[in-house]
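Engineer: Can you make the complete structure from the sequences, with help from the hints?
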Amino acid sequence: MSRFGEVDDQYDPHELERRVFEYWDEVDAYEQTVEHRSDGESFFFVDGPPYTSGAAHMGTTWNKSLKDVYLRFFRMQGYDVTDRPGYDMHGLPIETRVEERLGFENKKDIEEYGEENFIEACKDYAEEQLEGLQEDFQDFGVWMDWEDPYKTVSPEYMEAAWWGFSKAAERGLVEKGHRSISQCPRCETAIANNEVEYEDVEDPSIYVKFDLADRAGKIVIWTTTPWTIPANTFVAVDEEGDYVGVRAEKDGEEELLYVAEAKHESVLREGRYDDYEIVEELTGEELLGWSYEHPLAEEVPDHVDAEGAFEVYAAEYVDTHGDGTGLVHSAPGHGEEDFERGRELGFPIFCPVGGDGVYTEDAGKYAGQFVKDADDEIIADLDDNGALLASGTVDHSYGHCWRCDTGIIQIVTDQWFITITDVKDELLENIEDSEWHPEWARDNRFQDFVEEAPDWNVSRQRYWGTPLPVWTPEDRDDGAATAASPEHADGRADEEMIVIGTREELAERVDQDIDPETVDLHKGTVDELTITEDGTTYSRVPDVFDVWLDASVASWGTLNYPEDDSRFDELWPADFILEAHDQTRGWFWSQLGMGTAALGDIPYEEVLMHGHALMPDGRAMSKSKDILIDPHEAIDRHGRDVMRMFLLSNNPQGDDMRFSWDGMQTMENHLRTLWNVFRFPLPYMRLDGFDPQEVTLEDVDGDLELIDEWVLARLQSTKAEMTAAFEDRRQDKALDALIEFVVDDVSRFYVQAVRERMWEEDDSASKEAAYATIYRVLRETVALLAPYAPFISEEIYGTLTGDEEHPTVHMCDWPEIDAYWEDEQLEADVAHLRAIEEAGANARQQAGRKLRWPVPRVVVAADDERVVEAVERHTDLLADRLNAREIELVSPDERWGELQYSAEADMSELGPAFGDRAGQVMNALNEARIDDPSLGALEEAVSDVLEDDESITDEMVSFVTQTPDGVAGTAFGLNGDDRGVAYVDASLTDDIESEGYAREVIRRVQEMRKELDLDVEERIALDLEIDDDRVADLVSEREALIREEVRADELRTVEDGHRKEWDVEDVSMEIAIEPLAAAEASE
RNA sequence: GGGCCAAUAGCUCAAUUAGGUUGAGCGCCACUCUGAUAAGGUGGAGGCUCUCGGUUCAAAUCCGAGUUGGCCCA
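So the first sequence is numbered by my numbering: it starts at 1 and just counts up by one.
It should be emphasised that the hints constitute simulated quantities derived from the structure, not laboratory data. Incorrect hints may appear among the rest.
[What the hints assert, rightly or not] Here are the simulated lysine-lysine pairs, BS3-like style, with alpha carbons at most 27 Å apart:
| hint | residue 1 | residue 2 |
| --- | --- | --- |
| 1 | 108 | 365 |
| 2 | 108 | 123 |
| 3 | 850 | 625 |
| 4 | 372 | 108 |
| 5 | 1010 | 1060 |
| 6 | 123 | 107 |
Because the structure is a prediction, the values reported are computed rather than measured.
Structural biologist: What follows is the structure, encoded as structure tokens:
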């Protein structure tokens, strides 16, 4: 780009972004930036891989924008940043999508289609989705290594998963277990607890009476899963709970029922008993050992038959005040807690249900039925058997498969586990080694989650995943999970298993001949491989890994470790990761678990945890319900920089972000302001041939004016504030600081103040100083903005620097604070002056005097010395900004005449002094009006509310001036504290009217010049006719001023020019102008 | 059902680690200004600080119990 070249009049994000994309491509901006930092200190960032189903939504967009802003920031700070993006491409979600595409209903369809074909289809689908995501991310302006993303389906990445798992196995943390798990009966696989999604559904709610075997009466249980009754093995009670025996009467018949004392009324109400009477009070302990009869003993002849079954036992999971009856039907073949307790009690694990949710032959009468379909029949049978006390329905939340939305069932199957509960202490210690933003996410939420976490079931009975690298002896049944295999009830690891860690090891040990360089590790290939050692042949366990395991190894998978071990030692663990809060149960957790199990360490040092993107009305976005804001629409409406700025202006620490079109518009306005600030000095610099390399700020130091020094001081404190905010991981606060600087300080104040210097036609030191100042300000501002809005920053940078600096702004260093230009006092001074100016403008408006008209004087009544200092040091600047002929200062210990006073109360003083009457005293003080600002006068004015011995002290009040007639006054303050009052004396003199009218004329001529679209330098002839003779005289006194300002070389009658009638303060004027250039050119 | 977080102007958020008369930006309305300006300036409307209790002379702030939303867990 050529320096100070012509730029668009209007900020046009789409055209600009298109140009910048082209430019980046042309100069290999990304590659050059990476190369530029290749000698820097390493910074290891790991990308949490998005799942490759569906397009980028606003949440993903926010996430990637956050990553981009921090990676760019770290780069600008000099780090050599690892920025390899990743994609999570295996797993059930993709399988279900592909099943939908192919019209499959269940696993049988897949088997018929062919496992290998299905895996191929899944791979194609994932790659297809990846392309879409990748295009989106690039389109958002995110700079990562798009040429070489890590993919969880690549051989080297799958090897990283194998390696991690094998390290965990070496540490004895891998075992095959016979456990109660959540099973999706449609997908026919176990799913992890964190894949279970809870939804409100209507289920049966039944109360069942179990006949006691060796005594009179019945115990009553409650369940919402009638289909688990066939597997009932025992009933649990709370040992310390209170229970009652109730003699209940219905239709003339009496029954003796045992339930928790706290629940007896509600249970009897459910059973619609006519009357009842408590006949016995017992503790849970007294119920222990009571035996009962299985209510479906005949229907399920193969039911549990073991010593001690069908008796009452104590269990911790019983609550005598919760739902139900205080007696809990327990089936170790189903529920997780039942299973644990059943195993403690040494019961066989009876689970008459297969992985597809269909009852097996063990279920007797119900064999072959899907369990949920059997509920009605079971309820009817219980009723027939006289065991049903009540039957209804209940609305409650029940677990569903996260992908296909099928209700899950709890069954006991064989699964492979990483027994992270064995290293729970280590996990909790490792958490301490990580720094989280926000802190509470680690100390409360994550720690709680880890403390509660059960062993990690890593096996899935599916196809599209990383195969378990486990081989077991062929003659044993270690295959896909089968229900009910009581012989494995101890659930310990198989001593004879072989766990393979790398492809090389695989090639060495398998019987078949394979090439480790080219072997694909998916099921299609590895299922065929066997290992024969010491006369035993081992075959592979057919399961694949839980997809969370894939992502859990990203910290070394990103480095292609173990295949490539060149960087692992130097880089691992990750310096920084950044994801949304749902990842506490996901990636934050799986990485901690895997890192600890495999290497004994947490794989990341710093976590930035952001929230979710919500709809403008606060609802969660949901693609399936079509409740969403599409990032592409946001870009279409406002452009990429604006969308990024909006997203990045939100707090990234834990809080959710509400999308807002207003917020987007605001950001566009800010960028437009920046654009205007940027393009304002360009024509002047171009005209004067300003060369920032020749004329640096340091060269013009002696010619800098106060306002220049001030804006430079503000630039230093803005950099300090931004750097601190970035280091605190609050890029939103950093952006706020930058916007305030650009919009408030540079655009509204500095540029307003220097424009006249830039208009000067002759060369001047002051103009050069202003050029150098604004150049430095803009040059550093675009560097500060670059991580947020990389496109507009690039264009501005290119226009400012031409070929003199880096090819791209993103190679710049993060601007450092230059102590030389720091000036806190000046910043504070100007803050005071701006407050006074603002008050003065207000007072002017009250007095009906426009800024264009000078006023004879402005009186500043200062409340404190700091204001006095500021005004004394910068009187001229203040007079200029307020267009006042004179500034008069009234110091704090003086009074300006003709003023009245009131008092403002300070509640922090009144409170302790007056107690509960403080409010009353405050009101009296606020309403008081006195001529003399003394405590005595004030006390007199509020004497009604004061008691005899009470007085008002200095600390309690501050006096406030009341505006006298003829002068308008407005209080000014800083940070909410009053610092004084600015009074504008708006009286008129001939001289003032002369200048006022002259300025009115100038402004109208300027507007007419603009209407003709004249160049700034264009000379004109001016024709001015004013009806009012007095005003005409006043204006003619300022003829020279007018001619200079509007560049009127000639004052004469204009025949054919641009002519207009104006009404100025009720005086009508006729103005005509004509450019002289045309005439000159023709001569 | 449990845990964590949030709740302040129409919207987004502040309110100085530890109570003291609730503020800003955006949006809206009116007026005004304009040779960088789809800008700017001034004013206005808009708040039982989610509810109910408690502590205190005094609570947006501290404590307790709820309500709503988000996430997590069961």
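Engineer: It remains to establish, for every hint, whether it holds in the given structure.
Structural biologist: Hints, verified against the model:
no. : hint          : verdict
1   : 108 <-> 365   : holds, 25 Å
2   : 108 <-> 123   : holds, 20 Å
3   : 850 <-> 625   : violated, 56 Å
4   : 372 <-> 108   : holds, 21 Å
5   : 1010 <-> 1060 : holds, 13 Å
6   : 123 <-> 107   : holds, 18 Å
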